[in-house]
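Number of protein chains: 2
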Amino acid sequence: MTMVSRRDALGWLGGAALGGLLAGVGAVAALPGEGLAARKTLKEKAPALAAPAWIPHRLDAAECAPLAYAGYWKDGLGCCYGVFESIIGSMGRKYGAPYNQFPFTMMEVGKSGISEWGTVCGALLGAASAFALFWGRKERDPMVTELFRWYEKTAFPLYDPGAAAQGVAGPLPTNACGSVLCHISVSTWCHAHGIDAASAKRQERCSRITADVATKAIEILNAKVDSGFAPLLSSKSEAACMSCHGKGKPSPIAKGRMDCTPCHSGSAHVQDKFRNHP
Amino acid sequence: MTMVSRRDALGWLGGAALGGLLAGVGAVAALPGEGLAARKTLKEKAPALAAPAWIPHRLDAAECAPLAYAGYWKDGLGCCYGVFESIIGSMGRKYGAPYNQFPFTMMEVGKSGISEWGTVCGALLGAASAFALFWGRKERDPMVTELFRWYEKTAFPLYDPGAAAQGVAGPLPTNACGSVLCHISVSTWCHAHGIDAASAKRQERCSRITADVATKAIEILNAKVDSGFAPLLSSKSEAACMSCHGKGKPSPIAKGRMDCTPCHSGSAHVQDKFRNHP
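Same order as they appear, the protein sequences are chains A and B. Numbering of the first sequence is given in my numbering, commencing with residue 1203 and proceeding in unit increments. Numbering of the second sequence is given in my numbering, commencing with residue 1203 and proceeding in unit increments.
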């Protein structure tokens, strides 16, 4: 019995889990007709049985970005799946379990800001969820904040799939949306450039942002794995508002770290659209 | 060899996966000293090897709500973990794998609207993620929309843990926040009642909402399992705005399903807070 035959036969289990599993089966093996010698051999090989650990590995963003882009388009699974699968799926392809055991299609949940609701950008949720497999909140929160701040400030999309384009080929217009919310991200881009939010061009934008977010997330993940991660970005409006409304301040009613500007600047977009619509 | 000894020995694998796994090992079993009779017996028992399926099961919301509440407080894992674990963890406790194989602590990601960012309410993300393990977007999106609309309209919190309270015991003030965003949900409640967003009272509110969201999500899940789910709730503002800004309409720039009122009504909260702060 070779390792290959074990691996093939065990199908949905990845390589890293195999030793423990076969050892576990061996440890209770008392098959009719099985000799003592065979049982002894199996027992001697048996290590302690444990779940495979979620250990982060460095990734190559240049390899993963096209996977994130393609993941967006795969069966319409979208941005959150695309980013998450490009990270955790890539670890699975290299290292087996536990990475390749994750029920990946669950991550479709983030598509269009959670089931079309336009809340958090699903690409960002995919990255934050991947981080959360490895790091608890004290370590993860600064990583997420760096990624989210970068998203608020960056004029998207950056990635160009070239000949691999699945929606619309060629350059796309860009803007920095100032928000991590899907609704604001998509709608400000569509408003700025006169583009239909339901068009292939808008889908192409979001699929390219999926690659962009995967690239930035992997940069942060690699720095963290190398113990070199330090957050760089901040928000002037968050700092200003939280100086009164944050924890321990005079009016500590505000929760969150989103840039306050899109909703609290009194812009034309947040005027009374129900009675005085322009 | 009893089922109990197999279960114990296989440790991190749950009950539902056992048949397929042992059969899979049996199908390639050619252990030294093993007799032909044993191999034949194993092969006859071997079903096709496949990953354990994510099949939804009915749950008892009255059993799960206290688990969701307690999950919020467990190691500070928060609302998203609390809801998700009360649903998928409960299935795991009853049915084993694949439910009990999920890396549950990953769901801490939704705490405070994704790593403190105040985007989508993490309790809602936990429920939507649980739905996404079983249903693709065409079936899931109406379930999520029903849950999210209910959240916008409901005066929270409803659940009272009684003597099991972990933050603050007794009744809490309520309000309907009109939004699925953590920032608006928490901050409007704190503003309305003069409560510190970093206080134990606010945490108690969110832990009770964790139980409330689990209860509503299980009501929707059970109806779906019974093939009786039909969405009931709608949003006047979404309908009004999308009649011009939705797909196929004159100005199709808007993405999302959130109630438009909190940010587009020109209320005092969205006036220019940077220059003309009251």
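By construction, these hints were calculated from the structure, which means they are not laboratory data. Hints may be right or wrong, so weigh each one.
Copies of the same chain look alike in the list, so a pair counts if it fits in one copy or across any two.
What the hints assert, rightly or not - Mimicking EDC-like on lysine to aspartate or glutamate, the simulated pairs with C-alpha atoms at most 16 Å apart in a straight line are:
| # | residue 1 | residue 2 |
| --- | --- | --- |
| 1 | K1403 | D1474 |
| 2 | K1449 | E1318 |
| 3 | K1296 | D1398 |
| 4 | K1449 | E1265 |
| 5 | K1449 | D1428 |
| 6 | K1426 | D1277 |
| 7 | K1340 | D1262 |
| 8 | K1355 | E1318 |
| 9 | K1296 | D1262 |
| 10 | K1355 | D1428 |
| 11 | K1340 | D1277 |
| 12 | K1438 | D1277 |
| 13 | K1475 | E1421 |
As the structure is a computational prediction, the values presented were derived from the model and not from experiment.
Note to self: At most 16 Å between alpha carbons: which applies to K1355 and E1318, within, between, both or neither?
What the structure shows: The answer is neither: 23 Å in one copy and 19 Å across copies each exceed 16 Å.
Check: What label fits K1426 with D1277 when the C-alpha limit is 16 Å: within, between, both, or neither?
Finding: Classified as neither; 32 Å inside a copy, 23 Å across copies.
Check: Between K1403 and D1474, at a C-alpha cutoff of 16 Å, which is it: within one copy, between copies, both, or neither?
Finding: The answer is neither: 30 Å in one copy and 33 Å across copies each exceed 16 Å.
Item checked: Same-copy or cross-copy closeness of K1296 to D1262 [CA-CA at most 16 Å] -> Answer is within; shortest intra-copy Cα gap is 12 Å, inter-copy 41 Å.
Next item on the list: Check K1449 against E1265 for me: Cα-Cα at most 16 Å, and say if that holds within a copy, between copies, both or neither.
Entry: neither (42 Å within a copy, 35 Å between copies)
Note to self: One pair to classify: K1355 and D1428, alpha carbons no more than 16 Å apart. Within, between, both, or neither?
What the structure shows: Answer is neither: 26 Å inside a copy and 46 Å across each miss the 16 Å cutoff.
Next item on the list: Check K1296 against D1398 for me: Cα-Cα at most 16 Å, and say if that holds within a copy, between copies, both or neither.
Entry: The answer is neither: 40 Å in one copy and 47 Å across copies each exceed 16 Å.
Item checked: Alpha-carbon proximity context of K1438 and D1277, limit 16 Å -> neither (40 Å within a copy, 32 Å between copies)
Next item on the list: Pop the pair K1475 and E1421 into one bin, within, between, both or neither, using alpha-carbon distances up to 16 Å.
Entry: Answer is neither; intra-copy 41 Å and inter-copy 35 Å both fail.
Next item on the list: Tell me, please, which holds for K1449 and D1428 at an alpha-carbon limit of 16 Å: within, between, both or neither?
Entry: neither (32 Å within a copy, 46 Å between copies)
Check: From the Cα coordinates, with 16 Å as the cut-off, is the pair K1340 and D1277 best called within, between, both, or neither?
Finding: between (35 Å within a copy, 12 Å between copies)
Next item on the list: State whether the alpha carbon distance between K1340 and D1262 is at most 16 Å within one copy, between copies, both, or neither.
Entry: Neither. Shortest intra-copy (25 Å) and inter-copy (34 Å) distances fail the 16 Å Cα cut-off.
Checked against the numbered hints listed earlier, the structure breaks hints 1, 3, 4, 5, 6, 7, 8, 10, 12 and 13; every other hint is satisfied.
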